[in-house]
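S.K.: Given next are the chains, with one letter for each unit.
There are 2 protein chains.
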Amino acid sequence: MSQTKKRQLRLAAFLSGIGANVQAWRHPDTASNSPVSIEAFIEAARLAEKGKFDFGFIADSTFITRDSTPYFLSRLEPITALSAVAATTTHLGLVGTMTTSFSEPFTTARQLASLDKLSGGRAAWNAVTGALEGHARNHGGEKLYEHSLRYRIADEYIQVVKGLWDSWEDDAFVRNKQTGQYVDLDKMHTLNHKGEFFGVQGPLNMERSPQGRPIVFQAGASEEGRDLAAREADAIFSGSVEDVPAAKAYYQDIKRRAAAYGRAADEILIFPSITVVVGDTEQEARRKYDEVSQLLDVNVAIKYLSRYFSFFDFSQFPLDEPLPDLGDIGKDSFKSTAEHYKRKARENNWSLRQLALYASNPSDQFVGTPVQIADRLQQLFEDEVVDGFILHAYLQPRGLEDFVDKVVPLLQQRGLFRTEYEAATLRGNLGLPYPVNRYVQQQDATKALAA
Amino acid sequence: MSQTKKRQLRLAAFLSGIGANVQAWRHPDTASNSPVSIEAFIEAARLAEKGKFDFGFIADSTFITRDSTPYFLSRLEPITALSAVAATTTHLGLVGTMTTSFSEPFTTARQLASLDKLSGGRAAWNAVTGALEGHARNHGGEKLYEHSLRYRIADEYIQVVKGLWDSWEDDAFVRNKQTGQYVDLDKMHTLNHKGEFFGVQGPLNMERSPQGRPIVFQAGASEEGRDLAAREADAIFSGSVEDVPAAKAYYQDIKRRAAAYGRAADEILIFPSITVVVGDTEQEARRKYDEVSQLLDVNVAIKYLSRYFSFFDFSQFPLDEPLPDLGDIGKDSFKSTAEHYKRKARENNWSLRQLALYASNPSDQFVGTPVQIADRLQQLFEDEVVDGFILHAYLQPRGLEDFVDKVVPLLQQRGLFRTEYEAATLRGNLGLPYPVNRYVQQQDATKALAA
Ligand SMILES: Cc1cc2nc3c(=O)[nH]c(=O)nc-3n(C[C@H](O)[C@H](O)[C@H](O)COP(=O)(O)O)c2cc1C
Ligand SMILES: Cc1cc2nc3c(=O)[nH]c(=O)nc-3n(C[C@H](O)[C@H](O)[C@H](O)COP(=O)(O)O)c2cc1C
Numbered sequence: 001m002s003q004t005k006k007r008q009l010r011l012a013a014f015l016s017g018i019g020a021n022v023q024a025w026r027h028p029d030t031a032s033n034s035p036v037s038i039e040a041f042i043e044a045a046r047l048a049e050k051g052k053f054d055f056g057f058i059a060d061s062t063f064i065t066r067d068s069t070p071y072f073l074s075r076l077e078p079i080t081a082l083s084a085v086a087a088t089t090t091h092l093g094l095v096g097t098m099t100t101s102f103s104e105p106f107t108t109a110r111q112l113a114s115l116d117k118l119s120g121g122r123a124a125w126n127a128v129t130g131a132l133e134g135h136a137r138n139h140g141g142e143k144l145y146e147h148s149l150r151y152r153i154a155d156e157y158i159q160v161v162k163g164l165w166d167s168w169e170d171d172a173f174v175r176n177k178q179t180g181q182y183v184d185l186d187k188m189h190t191l192n193h194k195g196e197f198f199g200v201q202g203p204l205n206m207e208r209s210p211q212g213r214p215i216v217f218q219a220g221a222s223e224e225g226r227d228l229a230a231r232e233a234d235a236i237f238s239g240s241v242e243d244v245p246a247a248k249a250y251y252q253d254i255k256r257r258a259a260a261y262g263r264a265a266d267e268i269l270i271f272p273s274i275t276v277v278v279g280d281t282e283q284e285a286r287r288k289y290d291e292v293s294q295l296l297d298v299n300v301a302i303k304y305l306s307r308y309f310s311f312f313d314f315s316q317f318p319l320d321e322p323l324p325d326l327g328d329i330g331k332d333s334f335k336s337t338a339e340h341y342k343r344k345a346r347e348n349n350w351s352l353r354q355l356a357l358y359a360s361n362p363s364d365q366f367v368g369t370p371v372q373i374a375d376r377l378q379q380l381f382e383d384e385v386v387d388g389f390i391l392h393a394y395l396q397p398r399g400l401e402d403f404v405d406k407v408v409p410l411l412q413q414r415g416l417f418r419t420e421y422e423a424a425t426l427r428g429n430l431g432l433p434y435p436v437n438r439y440v441q442q443q444d445a446t447k448a449l450a451a
Numbered sequence: 001m002s003q004t005k006k007r008q009l010r011l012a013a014f015l016s017g018i019g020a021n022v023q024a025w026r027h028p029d030t031a032s033n034s035p036v037s038i039e040a041f042i043e044a045a046r047l048a049e050k051g052k053f054d055f056g057f058i059a060d061s062t063f064i065t066r067d068s069t070p071y072f073l074s075r076l077e078p079i080t081a082l083s084a085v086a087a088t089t090t091h092l093g094l095v096g097t098m099t100t101s102f103s104e105p106f107t108t109a110r111q112l113a114s115l116d117k118l119s120g121g122r123a124a125w126n127a128v129t130g131a132l133e134g135h136a137r138n139h140g141g142e143k144l145y146e147h148s149l150r151y152r153i154a155d156e157y158i159q160v161v162k163g164l165w166d167s168w169e170d171d172a173f174v175r176n177k178q179t180g181q182y183v184d185l186d187k188m189h190t191l192n193h194k195g196e197f198f199g200v201q202g203p204l205n206m207e208r209s210p211q212g213r214p215i216v217f218q219a220g221a222s223e224e225g226r227d228l229a230a231r232e233a234d235a236i237f238s239g240s241v242e243d244v245p246a247a248k249a250y251y252q253d254i255k256r257r258a259a260a261y262g263r264a265a266d267e268i269l270i271f272p273s274i275t276v277v278v279g280d281t282e283q284e285a286r287r288k289y290d291e292v293s294q295l296l297d298v299n300v301a302i303k304y305l306s307r308y309f310s311f312f313d314f315s316q317f318p319l320d321e322p323l324p325d326l327g328d329i330g331k332d333s334f335k336s337t338a339e340h341y342k343r344k345a346r347e348n349n350w351s352l353r354q355l356a357l358y359a360s361n362p363s364d365q366f367v368g369t370p371v372q373i374a375d376r377l378q379q380l381f382e383d384e385v386v387d388g389f390i391l392h393a394y395l396q397p398r399g400l401e402d403f404v405d406k407v408v409p410l411l412q413q414r415g416l417f418r419t420e421y422e423a424a425t426l427r428g429n430l431g432l433p434y435p436v437n438r439y440v441q442q443q444d445a446t447k448a449l450a451a
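Residue numbers (this note's numbering), protein chains in the order written: chain A, 1 to 451; chain B, 1 to 451.
For the record, the hints were derived by calculation from the structure and aren't laboratory data.
A portion of the hints provided could be inaccurate.
[Claimed, not checked] List time: in silico BS3-like cross-link candidates among lysine-lysine, alpha-carbon distance up to 30 Å: (1) B:K288 to B:K143; (2) B:K143 to A:K187; (3) A:K255 to A:K344; (4) B:K6 to B:K248; (5) A:K6 to A:K255; (6) B:K288 to A:K143; (7) B:K255 to B:K331; (8) B:K52 to B:K248; (9) A:K6 to A:K52; (10) B:K194 to B:K162; (11) A:K162 to B:K143; (12) B:K143 to A:K194; (13) A:K187 to A:K177; (14) B:K288 to B:K255; (15) A:K288 to B:K288; (16) A:K177 to A:K288; (17) A:K255 to A:K52; (18) B:K248 to B:K331; (19) B:K331 to B:K344; (20) A:K255 to A:K177; (21) A:K143 to B:K255; (22) A:K187 to A:K143; (23) A:K50 to A:K331; (24) B:K52 to B:K6; (25) A:K331 to B:K143; (26) A:K194 to B:K406; (27) A:K344 to A:K331; (28) A:K143 to B:K6; (29) B:K288 to B:K344; (30) A:K52 to A:K331; (31) A:K177 to B:K288; (32) A:K143 to B:K331; (33) B:K255 to B:K52.
Start from the sequences, fold in the hints, and give me the full structure.
M.R.: As C-alpha cells, then:
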C-alpha cells in the first residue's frame, strides 16, 4: 500500500516565536511580547490554517539564567498555549515540546490525550530529553543525566506513554442511555509497567483519543537521538537543511534505521525548520532579510550561541580572531547542535563574532521570489532531502503571511500541496497509519479496519 | 480598608460534570459524554459568564479502577480544558484542581502562570493532596503517603509554587524597541529552595502574571486541611452546606485560624458546592429533582461511596440492614468526607442503600422557586455561613441555565450580586488583595501602589 501512495509535501509553522532572528522583536512590524502573547500564537495558527498547513509547532525549554537570550526568559508553556489554540482553530495539528527528563509520564500522557480529545485529534508531542545542566536544579536534582542515559530514560518514558494511550480500546465507552451501560470494562487495560526508570500502573483516565494515539515527534540528531526516532517517532524535527548533502544523508539514515525496525519509509516523516523571506523581486526579498539581520547585536548573539554549550563562557575569546579548537564542550548538552557549530567554525576558520552571528540569524537559503522559493522547496522535497518544512518566520506575522499568500498557491498549482484538508485529524492529514491498540487481537483489528 | 468594604456574594459553577447525580448522564436532555466534551465545558463556562459568575471550577482525580464510578473513568485534564475555555471566554475565572502529591512544583507553577498570562489574569489552582491509594502506583510509588505527611508536602509545595510566581517583579520586562533593552535583570529573582521535600532553584521562565500570582484554592476539611487553607489559600472549596450549623462553625473556624496567621477575614473566601433545582412552582422543581434522582442505580451509588473509602469493599454488607460501625476505614483517604459519611450513617441508623444514595445524589436543600432559592442563598450569605456558592448543576446545561436566567436576576435586584464584572482579573472580581512580590521592598511596593 505504501508503495502506491504518492508522497505528499507537508507544511508547518512555529507558533511561538517573534522570529527566527533572536532580536527580531525590535522590528516595528512585530509585537515585542510574542512569546507570551496568546493572540500572537493564535494569529500564527490561523494563518497556518488558512494555508492548509499540517501543524503548528512549539519548541520549549524551562531552564533560564542571567545568561539566557532575553527572549527565552518568559514564554507560554506549550500545553496551555496549544489548548487555547485548539479552541480557536479547527484543522491545524498542535505539536508541543515536552521533556522526558523531569516530568511524570502519567501526567504527560494524560495532558496530551486530553489535548487530543478536546482538539478532535490534533495533538502531537515533541519528545526531547532536555539539554541544559540547570534544568535538573529546577526539579530536585543537582546534575543533568548524561546524554546517553537521558536517551535511555526517554525510550522507556515514550513506551510508558504509548502504553497508557492504549488503556482503552476504541469503542470501550458505550454510554447507552437506554440500557444504562456507560462502559465496557473488558475493553479497559492496565499497563502495570515496572521498568528501569518508571513504575506506572494505569489505566489512563482518558478514553482512547481520536488519533488512537497522539503523534510523537522527536528532536535530537545524535546517534542515540536518531535511533530513538527510528524506533518510536512518527516524525522528526530535524533542525536545518542548509547543508543539503548532509540533510540528505540524514534523511536516508533515518529511513534506513526505521526500515531496520520493520517500519515503512513513510511511517516516519522528517521536517527541518526553514526561514523563508519572500519578495516580489530578489532585491526586495534581500532587503527584507537584511532589515531584520541588522537588528542583531553581537552580545545577544553570543548569549544565544553559548546556550547550546550549556552556557559556556565565550567571553574569554577575542571577538574577531579565529576561534581555537573548542574541544568537547557541549558534548553533554545539545550534543549534535554543538558539534555542528564546532565543525562550521573549524571548517571556515571563523571568529567568535562570525560563529555567533551564524547561529543567531536564519540562513539566507530561502530568500527570493515566490517562484524561486517554490522551486527550492520542490527540489528538496522531490530529491528526498525532506518530507516537509516547519516555517520559522523571519518576522511574525509577516513572514508567515507572505508565505501563505504567495508561495502556497504555487505549491498547490504544482500539485505538490493540498488545497483542502484530507482529514479531521493530524494523523489523517500526515497520512500516518492508525495505531492498532496493543491489547486488541491482530485479527480483530484487521476485521475492524475492513468494516 | 477591609472594614468598610461591603461583603459581596460570589457565584461559581462546575464546568466538568454531567450533573451532581452520578447517573444524570442517562437523562435525555444531557450529553452523555460531558466529562470529555470540551463543547460541554465551554457551554457551561459561557452560561456562567452570562450570569457574571466569578469562576468555573474543575475537580479532578487521576486514579481509576474497575470499581470506579463509570463517569470518572474518562475525563478531560483540567489544565488543557481550562486553557481551551480561556480562549472562548473573557471574564470567567478558571479554577483547576491539581494534586501536590505526584507532580513537579516547577511544572505546576509554570502551567498555572501560563494559564494566567494567556487568560488575562483568570487562573486559579485548587491544591489537593490526592486521596486514593492507587494514585501512587501511577507515579512510581507503591503507597500513598499518609494523611498528615501529604499535608506537610502540600505546604512546602504551595510555598515553592508561590516563590516561583515571584521570580520576576511586575515591571521586569521592558521590551523597548528603541533602546534594545528587553528585560531588567535586576528584577529577576532566583528562589533557590532547598526544603524537606523539594529542591527547586528557579527562576520561573514566565514573567509575573496578571494577577501577580494565580489564586490558590484548597479543598480538604480535616484539621490539617483547615490549617493549610488558613495559612496559604485565597479560597476554599468546602463541600456541602447541608448541615447549616456545622457549615457556620467551619466558616468561623477558618476565619479564626486565618486571623491567627495575621490575615483579614475577607482574604480567604469559603465556597461550598450546592445543587439548585429551580421550578416555576415548588411542585415543578420537585418533579425535576425527582426525574434525575430516579436515574440512580444503587450499585453505581455504592461504587461512588466506596471511592471515598479508598475503594473499600462494601458488598460484604447487606443492602437494607443498618450498617455496622465502620471503624477507621477511610482515615487515610478522603479523611474528612469519610468521617462525615460515617457520622451520617451512625446518626440516622442508615443501611448501605441509604448511605450510598445519600452520597450519590445531591441534597434537596435548594429545590424550589426562584424566590425560595434566592431567599435561602441570601440567608446563608448574610448569616456568614458562606462567602459564595459553586453550583453543581443537577443536569448540564439546564440546571445552570435555569439558575442564570431565573435566580441571578433576583440576587442582582436585591443588590447582593454584581450586574457587571468589576475587574478584568479573577483576583479583582473576588476582591482579593494584589500580592506584593517578596523581593520588592515594602516601601517601593507602597510607592508603586500609590502611583
Ligand atoms: C533540531 C533540534 C531541535 C530541538 N528542539 C528542542 C526543544 O525544543 N527543546 C529542548 O529541550 N530540546 C530540544 N532539542 C534538544 C534535544 O532534544 C536533546 O535534548 C539534545 O539536543 C541532545 O540530543 P542530540 O545530541 O541527539 O541532538 C532539539 C534538538 C535538535 C537537534
Ligand atoms: C470538598 C472537598 C473537595 C475535594 N475535591 C478534591 C478533588 O477534586 N480532587 C482530589 O484529588 N481531592 C479532592 N479532595 C480531597 C482533599 O484534597 C484531600 O486530598 C483529602 O480529602 C484528605 O483531606 P481532608 O481529610 O483534609 O478532607 C476534596 C476534599 C473535600 C473535603
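S.K.: Compare the structure with each hint and give your call.
M.R.: Each hint tested on the structure:
1. B:K288 to B:K143: Roughly 43 Å between the alpha carbons, so the hint for K288 (chain B) and K143 (chain B) is violated.
2. B:K143 to A:K187: holds (27 Å)
3. A:K255 to A:K344: holds (26 Å)
4. B:K6 to B:K248: holds (20 Å)
5. A:K6 to A:K255: holds (17 Å)
6. B:K288 to A:K143: violated (61 Å)
7. B:K255 to B:K331: holds (25 Å)
8. B:K52 to B:K248: holds (26 Å)
9. A:K6 to A:K52: holds (18 Å)
10. B:K194 to B:K162: Holds, at about 15 Å.
11. A:K162 to B:K143: holds (24 Å)
12. B:K143 to A:K194: Status holds; Cα separation ~15 Å.
13. A:K187 to A:K177: Given that 30 Å is the threshold and the Cα spacing comes to 19 Å, the pair holds.
14. B:K288 to B:K255: violated (37 Å)
15. A:K288 to B:K288: It is violated: about 66 Å lies between the C-alpha atoms, which goes past 30 Å.
16. A:K177 to A:K288: The given pair, whose Cα atoms are some 61 Å apart, is violated under the 30 Å limit.
17. A:K255 to A:K52: holds (26 Å)
18. B:K248 to B:K331: Given pair K248 (chain B), K331 (chain B) holds - Cα atoms ~24 Å apart, limit 30 Å.
19. B:K331 to B:K344: The hint holds at about 16 Å.
20. A:K255 to A:K177: At roughly 48 Å apart (the allowed maximum being 30 Å), K177 (chain A) and K255 (chain A) break the hint.
21. A:K143 to B:K255: Outside the cut-off at roughly 44 Å; violated.
22. A:K187 to A:K143: Status violated; Cα separation ~42 Å.
23. A:K50 to A:K331: violated (41 Å)
24. B:K52 to B:K6: holds (18 Å)
25. A:K331 to B:K143: Roughly 39 Å separates the two Cα atoms, so the pair is violated.
26. A:K194 to B:K406: violated (54 Å)
27. A:K344 to A:K331: At roughly 16 Å apart (the allowed maximum being 30 Å), K331 (chain A) and K344 (chain A) satisfy the hint.
28. A:K143 to B:K6: Roughly 53 Å separates the two Cα atoms, so the pair is violated.
29. B:K288 to B:K344: holds (26 Å)
30. A:K52 to A:K331: This hinted pair is violated, its Cα atoms lying about 39 Å apart.
31. A:K177 to B:K288: Cα-Cα ~18 Å, so holds.
32. A:K143 to B:K331: Measuring from Cα to Cα gives roughly 39 Å; hence the hint is violated.
33. B:K255 to B:K52: The given pair, whose Cα atoms are some 26 Å apart, holds under the 30 Å limit.
Comparing the model with each numbered hint stated earlier shows that hints 1, 6, 14, 15, 16, 20, 21, 22, 23, 25, 26, 28, 30, 32 do not hold.
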